[in-house]
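Following the hints, position chain B against chain A.
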Amino acid sequence: MTVQLRPAGLRLSDMARVAVTGMRARPLRAFLSALGVALGIAAMVAVMGVSASSRAEIDRTLQLLGTNLLTVGPGQNLTGKRAELPMKATAMVRRIGPVTAAAATGAVTAKVYRTDRVPTALSGGIAVLAADLNLPATVGGQVHAGDWLNPAAARLPTAVLGSAAARRLGLERAGNRIWLGQRWFSVTGILAPVPLAPELDSAVLIGWDAARDIGFDGHPTTLYCRSEESQVEAVRSVLAGTANPAAPNEVLVSRPSDALAAQRATDQAFSGLLVGIGAVALLVGGIGVANTMVVGVLERRAEIGLRRSMGATRGHIRIQFLSESLLLSLFGGAAGAALGWLLTVAYAFSRDWPPVVPTWALLSAVAGTGLVGVVAGLYPAVRASRLSPTEALTAP
Amino acid sequence: MRDSAESVVEMDRVSKVYAGGVAALRDVSLTIHHGEFVAIVGPSGSGKSTMLHLIGTLDRPSTGTVRIANHDVSRLSDRSLAALRSSAIGFIFQQFHLAPNVPILRNAADGLLYSGLARRDREERARIALRRVGLGHRLHHRPHELSGGERQRVAIARAVAGNPRLLLADEPTGNLDSVSGAQVMHLLRELHQGGTTVVVITHDREIAESLPRQISMLDGRIDTGVPA
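If you're matching them up, the sequences are chains A and B in order.
Position one of the first sequence corresponds to residue 37 (the working numbering), numbered consecutively onward.
Position one of the second sequence corresponds to residue 882 (the working numbering), numbered consecutively onward.
Okay, chain A solo, but in the shape it has when bound:
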């Protein structure tokens, strides 16, 4: 009556129960070794989340500011002197078909002080610029306090301060006077920072006519133009020739949104480094899990012997330790992913960014911990399964 002796397979639910029981028998140790994995995963998820959020913020800013602003700045002429644009440059640029708006600023050589008592040397690096009235509308500038120049005020000694210039002059509200080009100008407004034209932040802006009164020659130095989004590159190619037909090589055309986009790329390089650090933490966490499992095998020889006597095959023992290691690691991974997500949300919230945690980051976190769990558990599991039943049972 010889019957076929074939060991029964273990159900998945039983496997999970055995693994959970093994873990719960030493909760503190399980917690500590899962913690190592959790910290690695949390670091990686948070880094990826924060950098994704910052990129989302830049995208949002770009969306808001538009990527269709082009700047025409003075280059250098052949003799190395700072070139300037012809008087009619703004009008010429406005005539380019897809251009929807154009505004210019012209550098005024005057210096600006808080009062007439400040020594002339302490000009604070604040530029004085003559500005077209449609400048804020063109560059996407917002008035933070007071008002922008109006056609009447532009002829009078009135000024609007860039955000940094206002800070340097110690002015927070409109209504004060400043000492500009040896005369008093009243401040009518202060601009909010202009991300696409940061040079305006440290400038004092005055009307074109008021500028002439203090010795401005009327040549624009920088020209801002908006065009239809789809035609930006086309406009860009003709912009130099249009703005300065006599010497197109003396102008520099740039797209300020490119600088913001470039910031995004550097951000990515930086987060790559941090993800690397997170990966090292994860590796260390994995070693912690492996260590826990190796110690567990040594301590649980009697249990292994008992299981073998109850009919567990080597495969059963192997899968038991492997699934326990996997579970330990996955718990750590899940906790780490949640923690990383929380960190990202908290950080994004503090910076007023849109919180973004990429799904692929969460998925790769789970996949990563799964891999760590299996790799960490492999050696201990094989060791446990190779233990002979008699050796296991005679262990103290």
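Hints in this document: simulated from the structure, not taken from any laboratory.
A few chain A residues that face chain B, going by a derived Cβ cut-off under 8 Å, partial list only:
| no. | residue |
| --- | --- |
| 1 | L41 |
| 2 | A44 |
| 3 | R350 |
Using C-beta positions, here's what the derived DEER-type ranges look like:
| no. | chain 1 | residue 1 | chain 2 | residue 2 | range |
| --- | --- | --- | --- | --- | --- |
| 4 | B | D893 | A | V402 | 55 to 63 Å |
| 5 | B | Q1074 | A | N327 | 47 to 55 Å |
| 6 | B | Y899 | A | V410 | 33 to 41 Å |
| 7 | A | V331 | B | N982 | 13 to 21 Å |
| 8 | B | Y899 | A | W396 | 55 to 63 Å |
In this text, a Cβ means the ideal position worked out from N, Cα and C, and glycines have one as well.
Just chain B now, kept in the frame of chain A:
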């Protein structure tokens, strides 16, 4: 219907030599029939433990043949031996080997973990077995809430839950006081009367003599009382 003359354990000129040349068993032959209640008795170092390992199919003989439930142990793979243990042999150990913090119902049911039965069936059989050993009212207690004797009864329930043809008890009373020990022996006697083949491995002559058959071990041989 099992034939009572059918052998459960057959050892034929079995020797076991461990690495290093230590001969734990020398030329042992014996047969244990179905329904027997046998003590394997001897001092430490007599080869009792090796007998336990060989009869329990936890180890293979160096020479000779061991047949358990008509299977030649030497010819079976490790996997097949595991399957044989899960279906035909129940073990009881001196140290009980219960999982701490796990209710005794689950402890007993885990004796069938590798049998292929569904969890519900395992627990049903464990419940019956626990009732049989008089612990039907304590199913959800944990081992540390029980006395030593009760723990050993849980271990017995775990061993018999699958109705094995052979029950192997290794010093089952070794960790118990005399009252609990007597209860455990009484329980084994009941199981024997219920038809289970029971082999008790012990160093305690008194216990051995209370059983219908004794196999005396000395220096790796069966001690027949005649000097070798």
